[in-house]
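Enquirer: Spelled out from the first residue to the last, the chains are:
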Amino acid sequence: MAEQTFDAIVVGSGISGGWAAKELTEKGLKVLMLERGRNIEHIKDYVNANKEAWDFPHRGRKTQEMIKDYPVLNRDYPLNETNLDYWVNEKESPYTEVKRYDWFRGYHVGGRSLMWGRQSYRWSDFDFEANAKDGIAVDWPVRYKDIAPWYDYVEKFAGISGNRDGLVQLPDGQFLPPMDMTCVEKDASKRLKEYYKGARQMIIGRTANLTVAHEGRTNCQFRNKCWLGCPFGAYFSTQSSTLPAAQKTGNLTLRPWSIVTKVLYDKDKKRATGVEVLDAENNQTYVYKAKIIFLNASTFNTSWILMNSATDIWPDGLGSSSGELGHNIMDHHLGVGAGGRVEGYEDRYYYGRRANGIYIPRFRNLFGDKRDYLRGFGYQGGASREGYRHEVAEMSIGAAYKDALTEPGSWTMGIMGFGEIIPDHANKITLDKNKKDKWGLPVLSFDAELKENELKMRKDMQEDAKEMLEAMGVKDINGYDANGIQGRGIHEMGTARMGADPKTSVVNKNNQVWDAPNVFVTDGSFMTSAACVNPSLTYMAFTARAADFAVSELKKQNL
Amino acid sequence: MNRREAISSVTLLLGGTLLGAEAFLSGCKNPAADASLSFSATDISFLNEVAETILPATSSPGAKEAKVGDFMTVIVKDCYEAKDQTIFKEGMNKLQEACKKASGKSFMDATPEQRHDLLVALDKEQKEYQSKKKPEDPTHYFRMMKELTLWGYFTSEIGATKALRYVAVPGKYEGCIPYKKGDKAWAT
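Those sequence lines, one after another, are chains A and B.
My numbering runs 15 ahead of the 1-based position in the first sequence.
My numbering runs 16 ahead of the 1-based position in the second sequence.
Hints are supplied without guarantee of correctness; some may be wrong.
Stated by the list, open to error - Derived lysine-lysine pairs resembling DSS-like cross-links, with alpha carbons at most 27 Å apart:
1. A:Lys201 <-> B:Lys105
2. A:Lys66 <-> B:Lys99
3. A:Lys201 <-> B:Lys200
4. B:Lys99 <-> A:Lys83
5. B:Lys149 <-> A:Lys490
6. A:Lys490 <-> A:Lys106
7. B:Lys188 <-> A:Lys83
8. B:Lys200 <-> A:Lys59
9. A:Lys490 <-> B:Lys148
10. A:Lys106 <-> B:Lys93
11. B:Lys200 <-> A:Lys490
12. A:Lys490 <-> B:Lys93
Stated by the list, open to error - Away from chain A, derived, C-beta distances all over 12 Å, residues of chain B:
13. Asp50
14. Ile70
15. Ala98
16. Ile103
17. Gly107
18. Gly120
19. Pro154
20. Ser172
21. Lys200
Said to hold, decoys possible - Taking beta-carbon pairs under 7 Å as the criterion, some of the chain B residues facing chain A (in silico):
22. Gln112
23. Val185
24. Ile193
Keep in mind the hints are simulated off the structure, nothing from the lab.
Fair warning: this is a prediction, and the values are worked out from it, not measured in the lab.
Quick reminder that beta carbons are idealized off the backbone N, C-alpha and C, glycines included.
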């Protein structure tokens, strides 16, 4: 068994793993970053990034063969021809569903930082205090004031475009210039504010796309092809941002094809000593030693590693002493909203393809509003003009029809809700030792669903959407509820929650596993509640904070 | 369609206005594609003429020049479910029969005017059928052909750059600018 020693090991190379590697290497630590999948090199390996729609034989759509090979991905929009290689091979890496759970994964260097939606919002104290106020789950051991400086820190590097809107429930950040709204969105925003007397707002989305050149990266070119990988490096990803920063230090070793099977644990010192790696290509086992270990393998896979570690001491794995490891799965429930047509504005249009939309921040159960469910939701959406797909009355075939289709159609506007899922011990993952993946490793079994609180909330999510669109002047409004399923938000959170008490939580306020303080969990696994905003920016902030803490503890010889 | 497009897409929910791909957005409950399905060169020529009749050459090239017939066969073969493949293939024969009945000629021998009138009639037929059909009923074959024609043409290089406007690298975004009647729509 080959063995090598580093100062720190980072497991995973997605959004949080990339940040951990950057921060630790910049602080002088020799870091090994392990990634279970293949390498994808910035720009060079974005093989479809410069293709046009007509370069794809099926113009981007899924084929029956793809549907057969990717039955999970097929459940929603991600199954497509243009970036198929960025999604996990489902045959090699299956999982078990006691209840349906849509798990959309990316196993490669960069993880889902390559395909993410890039919407970046801060939490507020309404979110950090929510569990305590509602008396559910456990309280967050941190508050906004603890995290705010770290939001500042990561935003300055990542580059988040947005407008300073001055909203208490959605704190402003260190923004690059905001993107434009369309004419219809601008007026709709004004009407919404007037109708609800300022209690509801529609703002431009805050997104990790650069509106000006930043940190040596080119500004967004408005191609709206982000999820193919950006040859301009114009949105935040591991490849465009944190990985080059880490590599620049000369302190980083990146090892793809490295499946971490367990954290090695010294029960006398009560510390982790390293990790065991199964090489995904040659099936050999390797051991790497380090003083500190960051688990950023993605929500669920981080818990999978913990469940497989130190089982001679804790049968359910490292971090399981609280009984909470694997529990409290959360996501954002979506697929519910409304849309319609906008009359007029025929003399208005736009230039460029904006990889962003509008955002309506949470207004329910805030500022004196009280519903028959807890928490709330926000909306994403936008208004645009129909392209060639619009129907042309009384012209169905021939030259006049064709010419009519070459002009833009009417404006439409749609909004979709993103709702908070409250943590519930019953929503859980466990190891299924009867099913094995390609490498003979046990797989995860999912037993999670939307509960009463979310289902009640969805009624408001649809009705409020319709009411607000009407207030904005939208016509022919149609609401929809396309059945929320956990996982579909691709915002998986929980299973190794943070708390103030080792009896009821897996990690402490500094993201240290209670039972192994030199192991840090800073991906979505540590989330104690979910809020309703897109979570990645919060992972970045906690990761940078934990890395800073880890290095200071290391210097004090506390780890 | 990426997440952002999925989120704000209204076309999907207004019903009846999505021309392009609804035949296989419906899911995968039915048997997968029949791999033995094939189209001859004659089939492709025929489909090119059908497409050209729907979207003929005007100030911009027509569907035939954009090879929409070839495109239709690729999509039907690789993306359609078996039941939809059958409807499409049988539909090609039905279209021929309808043409013989209306003009006494095969579609390939019919004049452009005869072809146009036939497809206008078939389009009326499909619209009536589609508006009355139950969700589980199959899609009308001519609906498929028309959807594929529009989708195939306007996402082809010719359609996107000559019939519509396309800028590969816009470089900037302006959310609210004037539009005057006659200006072309943006492709994609």
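Enquirer: Hint by hint, note whether the structure agrees.
Expert: Structure-based check of all given hints:
Only pairs whose Cα atoms come within 27 Å are accepted, and A:Lys201 paired with B:Lys105 is rejected, the gap being roughly 48 Å. Of the pairs offered as hints, the one joining A:Lys66 and B:Lys99 is violated, with about 32 Å between alpha carbons and a cut-off of 27 Å exceeded. Between A:Lys201 and B:Lys200 the CA atoms are separated by roughly 23 Å; this keeps the pair inside 27 Å, and the hint holds. Between B:Lys99 and A:Lys83, the direct Cα distance comes to roughly 16 Å. Compliance with the 27 Å bound is thereby established for this hinted pair.
A C-alpha spacing of about 26 Å is found between B:Lys149 and A:Lys490, which places the hinted pair at or below 27 Å, so the restraint holds. Our distance criterion of 27 Å between C-alpha atoms is broken by A:Lys490 and A:Lys106, whose separation comes to about 45 Å. For the given pair, B:Lys188 sits about 39 Å from A:Lys83 by alpha-carbon distance, which is inconsistent with the 27 Å threshold. Annotation: proposed proximity of B:Lys200 to A:Lys59 is violated, straight-line Cα distance about 34 Å (limit 27 Å).
Restraint check for A:Lys490 and B:Lys148: satisfied, since their Cα atoms lie roughly 24 Å apart, inside the 27 Å limit. Under the criterion of a C-alpha separation no larger than 27 Å, the hint pairing A:Lys106 with B:Lys93 is consistent with the structure, at around 24 Å. Taking the CA atoms of B:Lys200 and A:Lys490, the gap is near 25 Å; set against the 27 Å cutoff, the hint holds. Under the criterion of a C-alpha separation no larger than 27 Å, the hint pairing A:Lys490 with B:Lys93 is inconsistent with the structure, at around 39 Å.
Its closest Cβ contact with chain A, about 9 Å, brings B:Asp50 to no more than 12 Å, contrary to its assignment away from the interface. Against chain A, the non-interface label of B:Ile70 is violated: not every CB pair exceeds 12 Å, the least being about 5 Å. In this structure B:Ala98 is not separated from chain A by more than 12 Å, as the shortest Cβ-Cβ distance comes to only about 9 Å. With a closest Cβ-Cβ approach of about 15 Å to chain A, B:Ile103 is found to remain outside the 12 Å limit, as its non-interface label requires.
In this structure B:Gly107 is separated from chain A by more than 12 Å, as the shortest Cβ-Cβ distance comes to about 16 Å. No Cβ of chain A approaches the Cβ of B:Gly120 within 12 Å, the least distance being about 21 Å, so the stated non-interface status holds. No beta-carbon of chain A is positioned within 12 Å of the beta-carbon of B:Pro154; the least distance is around 17 Å. The beta carbon of B:Ser172 is not kept farther than 12 Å from every beta carbon of chain A, the shortest such distance being approximately 5 Å.
In this structure B:Lys200 is not separated from chain A by more than 12 Å, as the shortest Cβ-Cβ distance comes to only about 5 Å. A least Cβ separation of about 17 Å between B:Gln112 and chain A goes past the 7 Å threshold, and the interface hint is therefore violated. A hinted interface residue such as B:Val185 counts as satisfied when its beta carbon comes closer than 7 Å to some beta carbon of chain A; here the least separation is about 5 Å, so the hint holds. The interface hint given for B:Ile193 holds, since its Cβ lies 6 Å from the closest Cβ of chain A, which is under the 7 Å cut-off.
Going through the hint list in order, the structure does not satisfy hints 1, 2, 6, 7, 8, 12, 13, 14, 15, 20, 21, 22.
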